[in-house]
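K.L.:
For reference, the chains in residue letters:
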Amino acid sequence: MSASAAEPLAPARRGRRIPWAIALPLAWVTIVVFCAVTANWIGLADPAAQELILRRKPPSAEFLLGTDNLGRDMLSRIIYGARTSLIVGLCAPAFGFLIGGAIGMCAGYYRGKVDLLLVGVIDVLLAFPALVLALTFTAYLGQSLFNVTLALGILSIPAAARVSRANTLAWGNRDFVLAARTIGASNWRILTREILPNLLPPMFAFWLVAMSVVIVAEGALSFLGLGIPAPQPSWGGMIADGREALDAAPHTALIPAGVMFLTVLSLNFLGDIVRNMVDPRRSAL
Amino acid sequence: MSDLLQITDLNVEYPLGDGRRVHAVTDVTLSIKSGETLGLVGESGSGKSSLARALLQLPPPQRGSVLFDGQDLTKLRGQALRAIRPRLQMIFQDPIASLNPRRKVSEIVSEPLVVTGVGDPAERTKRVRAVLEAVGLDPDSVWNRRPHEFSGGQCQRIAIARALVLEPVMIVCDEPVSALDVSIRAQILNLLEDMKARFGLTLLFIAHDLAVVKSVSDRVAVMYLGKLCEVSESNALFAKPAHPYTAALLAAIPEPDPDVPLGDTKMKPGDPPSPLAPPSGCRFRTRCPHAVERCASEVPALRAIAPGRAVACHFPLT
Numbered sequence: 001m002s003a004s005a006a007e008p009l010a011p012a013r014r015g016r017r018i019p020w021a022i023a024l025p026l027a028w029v030t031i032v033v034f035c036a037v038t039a040n041w042i043g044l045a046d047p048a049a050q051e052l053i054l055r056r057k058p059p060s061a062e063f064l065l066g067t068d069n070l071g072r073d074m075l076s077r078i079i080y081g082a083r084t085s086l087i088v089g090l091c092a093p094a095f096g097f098l099i100g101g102a103i104g105m106c107a108g109y110y111r112g113k114v115d116l117l118l119v120g121v122i123d124v125l126l127a128f129p130a131l132v133l134a135l136t137f138t139a140y141l142g143q144s145l146f147n148v149t150l151a152l153g154i155l156s157i158p159a160a161a162r163v164s165r166a167n168t169l170a171w172g173n174r175d176f177v178l179a180a181r182t183i184g185a186s187n188w189r190i191l192t193r194e195i196l197p198n199l200l201p202p203m204f205a206f207w208l209v210a211m212s213v214v215i216v217a218e219g220a221l222s223f224l225g226l227g228i229p230a231p232q233p234s235w236g237g238m239i240a241d242g243r244e245a246l247d248a249a250p251h252t253a254l255i256p257a258g259v260m261f262l263t264v265l266s267l268n269f270l271g272d273i274v275r276n277m278v279d280p281r282r283s284a285l
Numbered sequence: 001m002s003d004l005l006q007i008t009d010l011n012v013e014y015p016l017g018d019g020r021r022v023h024a025v026t027d028v029t030l031s032i033k034s035g036e037t038l039g040l041v042g043e044s045g046s047g048k049s050s051l052a053r054a055l056l057q058l059p060p061p062q063r064g065s066v067l068f069d070g071q072d073l074t075k076l077r078g079q080a081l082r083a084i085r086p087r088l089q090m091i092f093q094d095p096i097a098s099l100n101p102r103r104k105v106s107e108i109v110s111e112p113l114v115v116t117g118v119g120d121p122a123e124r125t126k127r128v129r130a131v132l133e134a135v136g137l138d139p140d141s142v143w144n145r146r147p148h149e150f151s152g153g154q155c156q157r158i159a160i161a162r163a164l165v166l167e168p169v170m171i172v173c174d175e176p177v178s179a180l181d182v183s184i185r186a187q188i189l190n191l192l193e194d195m196k197a198r199f200g201l202t203l204l205f206i207a208h209d210l211a212v213v214k215s216v217s218d219r220v221a222v223m224y225l226g227k228l229c230e231v232s233e234s235n236a237l238f239a240k241p242a243h244p245y246t247a248a249l250l251a252a253i254p255e256p257d258p259d260v261p262l263g264d265t266k267m268k269p270g271d272p273p274s275p276l277a278p279p280s281g282c283r284f285r286t287r288c289p290h291a292v293e294r295c296a297s298e299v300p301a302l303r304a305i306a307p308g309r310a311v312a313c314h315f316p317l318t
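Just so you know, the sequences run in chain order A and B. According to the numbering used here, the first sequence is numbered sequentially starting from 1. According to the numbering used here, the second sequence is numbered sequentially starting from 1.
By construction, these hints were calculated from the structure, which means they are not laboratory data. Hints may be right or wrong, so weigh each one.
Stated by the list, open to error - Sample of chain B residues at the chain A side, in silico, Cβ under 8 Å: (1) Gln62; (2) Arg63; (3) Glu167; (4) Val169; (5) Met170; (6) Ile184.
Claimed, not checked - With beta-carbon atoms standing in for the labels, derived distance ranges: (7) Ser274(B) / Arg111(A): 46 to 54 Å; (8) Glu123(B) / Asn187(A): 23 to 31 Å; (9) Ser141(B) / Phe128(A): 25 to 33 Å; (10) Leu116(A) / Ser178(B): 29 to 37 Å; (11) Glu133(B) / Val33(A): 43 to 51 Å.
Glycine included, C-beta positions come from ideal geometry on N, C-alpha and C.
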């Protein structure tokens, strides 16, 4: 058999290449997640080990990203800081979405007085100045990773509730919900089996965006000195430390700022892509 | 034949929130015999779908009773109502919207069995396969697919399978072919007829297209603005309409021959009045060519004018 005859039998290769707008953000987020997860095993310097003689060194072969005001290895601190940002970024929206999502589903499904009451509660929470609430929270309950996560989680409840309520309103009107009622399905079963599966894609898209917002908020809290307590590294805290030496050693503030910028940008890009993928106009079919 | 369903003085109203109410269905009394197909026609907004949903208590009507197999559904709540639901099923107008896009066909069709707790998984699989074959779908090829992979006609077959899997005695078909291509309509109508014969079903068949109703119904009920105009045996109604509105509807059926001159519409031009404030007396009087003063002052009752024939008009045409 000649080569040309064999060719059509070969499995058709997918000609489509992954566009840069997806590949780059995805690659960056993957790198950040990988480093944060494996931080203990990739031979990093102790992020808390101080070497005052070697303070504010610019990036070099020995210290890939230089050293900070106290002579600590910036690369190690960035990676351990990523761990902090990711824990807060993953857990806070997860907490908010669990509670907010349930509230929104109840409001959108039962409507009437339940809706009025729950939307009222959400509006009150939404009207509260976010940063003030978070500051008060950490100031009174104490600074810890858990408290910061909890505060930011509570703050993400209203947004999650609104997204889930809007989607529940739209899906709850569909005939398949009515069909489920005609077979005698309970409200719980309709909510979990009929409506929830349709809620997950838009909620996931929004979760990626919420993650980036929460990472910035954690940075802001740490920058104000009310976030993750020192010496545990966090990007916001590093920017705050580096601020003192912006003229002498700009890399101490700019590198964590740049890393945070890229991470937040990537998450936003990915969130937009996922949102487009689950666009109701396309999934309507 | 005995009455399977007896609707008495049914009223459906929707509050608008500002104190006003939409009177979707007003004082409808209607019975459906076991094993027959009752066609329910009327233009958009005449209350057909509201009536259908009120039968199923989704939501329950404001007033009136729905006697199904001797039980008043409007008096049943919770578990008692749930127990009777499998016997009274519904097929919807938009076949795509009536199927959950995130679930597989096998899950959609077996859901009624799961909810009502019928059989074990093996038994359910057997029944779902049987009912899918009955509606003309190949169980193996559709099993793991999702609704968006099917055409409208196929989706309606899936919806019919879902309604049939519980072996109901009655199915309410809410414009089951309106959203389908003309070429597919006949297939679905034939399928419904087949299923009716095979499972001994009673059908309430709602449509706004008289031609469709004519082909499937034993009896026809005509609705206008929430009230019944005429209830009659199908052939008699199409041969000689007794209510002026029925006559107007029949005159509106298009002739397939382009040389036939357009007939008189038998109706005054204009839109139906608002169901927020229906006209006094006869609701059709604002568009009726025969309306006189009595029509404005006195509500015409639905009365028998011949065996198996009732009309709500002071001056019936026959």
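K.L.:
Each hint should be assessed against the structure and marked as holding or not.
P.N.:
For each hint, the structure was consulted:
1. About 16 Å separates the beta-carbon of Gln62(B) from the nearest beta-carbon of chain A, more than 8 Å, and the hint is not met.
2. A hinted interface residue such as Arg63(B) counts as satisfied when its beta carbon comes closer than 8 Å to some beta carbon of chain A; here the least separation is about 21 Å, so the hint is violated.
3. Interface hint at Glu167(B): violated, since its Cβ lies 12 Å from the closest Cβ of chain A, which is beyond the 8 Å cut-off.
4. This hint is violated: Val169(B) has a C-beta 14 Å from the nearest C-beta of chain A, more than the 8 Å allowed.
5. At a threshold of 8 Å, the smallest CB-CB gap from Met170(B) to chain A is about 11 Å, leaving the interface hint violated.
6. Annotation: interface hint on Ile184(B) violated; nearest CB of chain A at approximately 17 Å, more than 8 Å.
7. Distance hint check for Ser274(B) and Arg111(A): the Cβ-Cβ separation is about 25 Å, which falls outside the suggested range of 46 to 54 Å.
8. Checking the proposed 23 to 31 Å range against Glu123(B) and Asn187(A) shows it holds: the Cβ atoms sit about 27 Å from each other.
9. The given range of 25 to 33 Å is broken by Ser141(B) and Phe128(A), whose C-beta atoms sit roughly 55 Å from each other.
10. Separated by about 35 Å at the C-beta atoms, Leu116(A) and Ser178(B) satisfy the suggested range of 29 to 37 Å.
11. As the Cβ distance of Glu133(B) to Val33(A) is approximately 49 Å, the hint placing it in 43 to 51 Å holds.
The structure does not agree with the numbered hints 1, 2, 3, 4, 5, 6, 7 and 9 stated previously, though it agrees with the rest.
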